[in-house]
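Just so you know, the protein sequences line up as chains A and B, in that order. Position in the first sequence (from 1) plus 1 gives the number in this note's numbering. Position in the second sequence (from 1) plus 33 gives the number in this note's numbering.
Take the hints with a grain of salt, since some may be wrong.
Dumping the calculated SDA-like pairs for lysine to any residue here, alpha-carbon to alpha-carbon at most 20 Å [to be verified]: (1) A:Lys49 with A:Leu196; (2) B:Lys49 with A:Leu183; (3) B:Lys231 with A:Gly359; (4) B:Lys158 with A:Arg191; (5) A:Lys144 with A:Ile124; (6) A:Lys50 with B:Asn142; (7) B:Lys291 with B:Ser314; (8) B:Lys231 with A:Tyr269; (9) A:Lys201 with B:Val59; (10) B:Lys231 with A:Ile211; (11) B:Lys231 with A:Gly274; (12) B:Lys146 with A:Leu57; (13) A:Lys50 with A:Met36; (14) B:Lys146 with A:Glu52; (15) A:Lys462 with A:Ile77; (16) B:Lys139 with A:Arg191; (17) A:Lys341 with A:Ile130; (18) B:Lys146 with A:Lys351; (19) A:Lys201 with B:Phe62; (20) A:Lys50 with B:Ser151; (21) A:Lys49 with B:Met143; (22) B:Lys231 with A:Thr272; (23) A:Lys351 with A:Leu183; (24) A:Lys49 with B:Lys146; (25) A:Lys97 with A:Leu169; (26) A:Lys313 with A:Ser115.
Don't read these hints as lab results, they were simulated from the structure.
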Amino acid sequence: MIKNRHTESYDLPKNTWDEMFDQSKQVRSEYKTVMDYLDQESTDELNKKEELSKVLFMSQGITFTVYNSGEGVEKIFPFDIIPRIITSEEWEFIEKGIKQRVTALNLFLKDVYSDQFIIKDGIVPIDIIYSCPHFLREMCNVKVPHDLYIHIAGIDLIRDNDGTYYILEDNVRTPSGVSYMLENREITKRLFPDLLPQCKVRSVTEYPNILYNNLRSLSPRQVDNPTIVLLSPGSFNSAYFEHTTLARLMGIELVEGPDLIVEDHKVYMKTTGGLQQVDVIYRRVDDEYLDPLVFNANSLLGVAGLMNAYRKGNVTIVNAVGNGVADDKAVYVYVPDMIKYYLNEEPLLKNVPTYQLGNKDERAHVFENITNMVIKQTNGSGGYGMLMGHAATPEEIDAYKVEVMKDPRQFIAQPTISLSSAPCYMHGVLQPRRVDFRPFALCGPDGITIVPGGLTRVALKEGSLVVNSSQGGGSKDTWVLS
Amino acid sequence: MSRYVERTDGMLRMLKINYAASQDAVSDFSWSPVIRIFCGPDHGGNVNEFNSRAVLQYMVTDKNNPNSVINIITQVRENARSVQDHITKDVWQCLNEYYHTVKDPKLNNMLKKDDPISVLDILIKQGMLFYGTTEITMARNEGSSFMRIGKYLERSIQSVNILDIKFGSVDHNPDLLTNTSYWKHLLLSIGGYELYLKTYRTGFEAENVLTQVVLNNVFPRSVIYSLNQLVKYFDRLKIDGHINPGDLEFLIGRLQSKVKYSSIKGLTQDELHHYLAEIKSELYGIGNAFNQTCFSLS
Numbered sequence: 002m003i004k005n006r007h008t009e010s011y012d013l014p015k016n017t018w019d020e021m022f023d024q025s026k027q028v029r030s031e032y033k034t035v036m037d038y039l040d041q042e043s044t045d046e047l048n049k050k051e052e053l054s055k056v057l058f059m060s061q062g063i064t065f066t067v068y069n070s071g072e073g074v075e076k077i078f079p080f081d082i083i084p085r086i087i088t089s090e091e092w093e094f095i096e097k098g099i100k101q102r103v104t105a106l107n108l109f110l111k112d113v114y115s116d117q118f119i120i121k122d123g124i125v126p127i128d129i130i131y132s133c134p135h136f137l138r139e140m141c142n143v144k145v146p147h148d149l150y151i152h153i154a155g156i157d158l159i160r161d162n163d164g165t166y167y168i169l170e171d172n173v174r175t176p177s178g179v180s181y182m183l184e185n186r187e188i189t190k191r192l193f194p195d196l197l198p199q200c201k202v203r204s205v206t207e208y209p210n211i212l213y214n215n216l217r218s219l220s221p222r223q224v225d226n227p228t229i230v231l232l233s234p235g236s237f238n239s240a241y242f243e244h245t246t247l248a249r250l251m252g253i254e255l256v257e258g259p260d261l262i263v264e265d266h267k268v269y270m271k272t273t274g275g276l277q278q279v280d281v282i283y284r285r286v287d288d289e290y291l292d293p294l295v296f297n298a299n300s301l302l303g304v305a306g307l308m309n310a311y312r313k314g315n316v317t318i319v320n321a322v323g324n325g326v327a328d329d330k331a332v333y334v335y336v337p338d339m340i341k342y343y344l345n346e347e348p349l350l351k352n353v354p355t356y357q358l359g360n361k362d363e364r365a366h367v368f369e370n371i372t373n374m375v376i377k378q379t380n381g382s383g384g385y386g387m388l389m390g391h392a393a394t395p396e397e398i399d400a401y402k403v404e405v406m407k408d409p410r411q412f413i414a415q416p417t418i419s420l421s422s423a424p425c426y427m428h429g430v431l432q433p434r435r436v437d438f439r440p441f442a443l444c445g446p447d448g449i450t451i452v453p454g455g456l457t458r459v460a461l462k463e464g465s466l467v468v469n470s471s472q473g474g475g476s477k478d479t480w481v482l483s
Numbered sequence: 034m035s036r037y038v039e040r041t042d043g044m045l046r047m048l049k050i051n052y053a054a055s056q057d058a059v060s061d062f063s064w065s066p067v068i069r070i071f072c073g074p075d076h077g078g079n080v081n082e083f084n085s086r087a088v089l090q091y092m093v094t095d096k097n098n099p100n101s102v103i104n105i106i107t108q109v110r111e112n113a114r115s116v117q118d119h120i121t122k123d124v125w126q127c128l129n130e131y132y133h134t135v136k137d138p139k140l141n142n143m144l145k146k147d148d149p150i151s152v153l154d155i156l157i158k159q160g161m162l163f164y165g166t167t168e169i170t171m172a173r174n175e176g177s178s179f180m181r182i183g184k185y186l187e188r189s190i191q192s193v194n195i196l197d198i199k200f201g202s203v204d205h206n207p208d209l210l211t212n213t214s215y216w217k218h219l220l221l222s223i224g225g226y227e228l229y230l231k232t233y234r235t236g237f238e239a240e241n242v243l244t245q246v247v248l249n250n251v252f253p254r255s256v257i258y259s260l261n262q263l264v265k266y267f268d269r270l271k272i273d274g275h276i277n278p279g280d281l282e283f284l285i286g287r288l289q290s291k292v293k294y295s296s297i298k299g300l301t302q303d304e305l306h307h308y309l310a311e312i313k314s315e316l317y318g319i320g321n322a323f324n325q326t327c328f329s330l331s
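Sequences and hints are given; from them, build the entire structure.
Next comes the structure, spelled out in structure tokens:
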């Protein structure tokens, strides 16, 4: 018996790739089982499921903290119960594309912090590198284990109106969100019993084990039991839940800056039994706060002397320090060239066309077409400091232009890409909302592993194109079919 | 009574973890090991081992399965009723409530079509209430010592049983020996996963799992921990003069030493099976001796 007709009430957006429906509003084959299931359930039952998901998130403490929110600090990361599905063919392509991109980015980091062939060969202009605030001279000629700079990468993908995947952003500093990939799956198991095995969805639970094994293999000391810690900025950080979850899942210590101390260029952790040498630090603290002696002297989050220990090779920091130069949005423009230069391959996943506002002609073009553009800071993250041209008022645009002119190098513009839409269960019906996708790549000495899944972020406001959690975004469970 | 509650607790946790694992499995997920652990080798009934819902119902609410939660808890309640003078009112009420929860037809309906983990969680919580209530309200007298002895006896039997069956499956399928998720699930289902991660840094290895579950002194589900506790409460009974130690003391002491001073490194499959079977039979022997010494009518 069909209790619901979600298809009929769904308002398919125009000029947009929809994840569930094709142009003629037929359910795509990969969503068939899920749609059949949804059609069998009454609105009441679906509402109950939505309620259950909220209760589960709250009781498990899966919450995040927003700094500039007036209404209290602790929030549930909004979760939409309808999964986003990726077929095995699509996944195979994404996987290859990301491996290729991360390999090139890693080679770029090694190069840019040692011989700088890519600059000498004129592929990437020197001023782009040296004007990047995340290019750290402190990292030049520092040897990192296995030449690995990027251990964990979160690459953001979006889909244009013809369904092509584009790279929106590379995150190779401290990408977050992986705990939501894991927890969303646990919640889905409970919301839709038996649906996962029916659809043959691939499991994501191996992530912490793979990461742990990689971390262990990076220990500079050849010991049986290297000490691995997760360095968190503390419980006020918006991703603190993620830090605790990962530490628990890997059985490693969760520490904050004051728990560590550097002596004789070695890092030690304070324990009740005395000092214990630390071999690998999985840090969730940004570069500029890591070591007050080298970077921001006012920072209490880091450890004094850490950089010296790191440069001596007595401790491994994950991800490597100085990675920000690889995910800088002005450097992003050159990533396809890097892939050709280092790998002699055509890039599989395309970049979104990007204009550099540091370049006079491009800036003029962007300012002329500003209503069709998205302008971002090159080193920004979390959706802060963006201008969405189509939604901004003339005053906002003028104010932003003034901001840009102060230092145009720090801004880029991209034509507004409409992002694909996926159905979300809201107020008893399915409604289209815009989504992106962040799979997580883990790089170890034995190669790159991408757990089949990732975080689908969704812009919960109608028509909104901003998916960041700090800007009212939510998430969905992401199923990769086998 | 305590033994029964301990058994249901172990069973419910096992079901919960295995159900979650079944949702992750891309191929058919077999419940056969779980059924064998808690119902014995020949008591699978006619239940389809690949149908999670059917197995859960069989294990939780099926009255025709003598080892189902509903039947065990009914027994517990009957036992509790007959020893009301030895347990506190709170403990009795707690068990009575457990009984009514598991009998509620709504629970069975939920198990049929809603989220099974919610159902299992409700029942696990009832068991936790029992543990907490006994801890807080029961005087540390004879009754309480017997309850703990029952609890730890059952727990060690369970741990040995689980190991025997899990390692037994390796005989038929040697790939399992190096299958990390196989050992991960075993640890999760007895609540030893986080401890394992902190103790062993080298990933999931069968021998380490075995060592933790048999010989780890601080792991509350290990065989040695349970035996040590058993000895402790048996001594308390002895000191209070409630019991004539006789054979019992010999049996318990012998088993404790045997486990404590055994080396399980490098055992072959056969030797391991033999070793676990011996422990199990001695545990049953202790159970029987308790019955004869303390509860036998003749």
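So which hints don't hold here, by number, going up? As far as the earlier hints go, 3, 5, 18 and 23 are violated by this structure, in ascending order.
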